[in-house]
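If you want our numbering, it's the position in the sequence shown, counting the first as 1, plus 358.
These are calculated hints, taken from the structure and not from any lab test. Wrong hints could be hidden among the right ones.
As a list, the in silico DSS-like pairs of lysine-lysine whose alpha-carbon atoms are at most 25 Å apart [claimed, not checked]: (1) Lys500 / Lys616; (2) Lys665 / Lys616; (3) Lys665 / Lys675; (4) Lys500 / Lys514.
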Amino acid sequence: MLRPARMSRPEGALRPDAVSGAGYALPDATRLFRQRLFAHWREQYRMIRMVADWIVLLYIIVPGLLLGGRFYYGFWNGDSIGWTAYVPFALIPVVLAVLLATGGLLLLIREADSLFLLQRRQWISSIMLRSILYSLGVTAVKLGAAFALLLPFIVKGYGVAQAAVWALLALTVSCGWATKLLVHLIRVSRQGLARQLRLIPALLLSCGSYLYAAIAWENRPWLLAAVALLYAAVTLWAIRHRLTLQGTFLQDIRESLKQRMRIASLMLAQVVDKPRPTRHKPWIFRRSQPLLTSREAEGRFSAAGIKAFIRNPGHLKLYLQFTGVALAALLIVPAWLFLLKWLIFLVLTALMAYWLSSYWLVFAGDAYIGILPFTKAQKAEAGTKLLQLLIQPFAALCAAAVCIPLYGWWGLLLFIPVGIGTGYMAASIFSTFRFQR
């Protein structure tokens, strides 16, 4: 006699007999919360194990901890923190405010609770309260760890008094609690544009008041403590309002799933591109107007490659990021190391030319491009034009970062011809070696 197959139950979900009245697998909400919390920890551990090799991590984490511990101990015991003389104290609250505005609350609510806990609303309230307290505890630990890392700079670098340090810590933790709860309430009670219109002002008000208090009352611990108590009162009100909020079960499930999958999303973001939205019209060059004055086939082919490059958000973002990093690298080098500045400029221009040539090889080798009757010589000529045009903004900006600090007013006259000439030479060299003719 055949027996029906047993259906698997999601980890951490409640068994039907737990609330049937005959016999309880989990007699109270406390044990159910504990089971789901342990299941959540195991889930996060498995996600990390899927992509991380603990042996490799040990070779990175252990030396990093030893080196970081050495610097941290040195800052507390005499090593000078000279950069604090040039950077205002406002940098510390800004860093902490960025942490306040990130993250969310983890509610250990499952989809099946709408069926099995329908007659026990107090169980859902109990699980939700414990989940909120757990999330606030995790928030306090994270903010406390970040504050501890910044503590040597706060005390030794900026000379903040001990009472003000403790008051600033209380202000940071209480503001983190209030911010998380206010953002959570808006996310589960509003949708669409109405949610964004409330979310942005809430973050600005909470983090802005924190920044004002931390910067304006740097050495006034009693005022900082008073604001911390105000944030604590907001936290208590938000917890009570959250427990009495009705009709948000689906939004609670969505937010809980979002928080549970945060680690997975961070890991996948490094290896999987975010899906691009479907566009009926491109965001730039909508009328497909001619980009180059040349009417030859090579010119139109090169213009098509430039349009495809600019219309692709990934390529354009990487181009701008590399340009920003290159400018920072050139500006950091002091003027007396002028030979090093020029060497870095040439190397960065060569790297940009290599990347653009790689882009052209992929674009010209696409299956759709193969339908067009272009010869190798025509593809190479079109690729050369593309390299010479796309590299010019990068080369000109990098030349400005070299010439202006070194030569002053003369640099304003030199950086344009130097950038154009260097970019043209790099494009010609890489197109000669990499494009088949």
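Numbers of the earlier hints that this structure fails to satisfy, in rising order:
2
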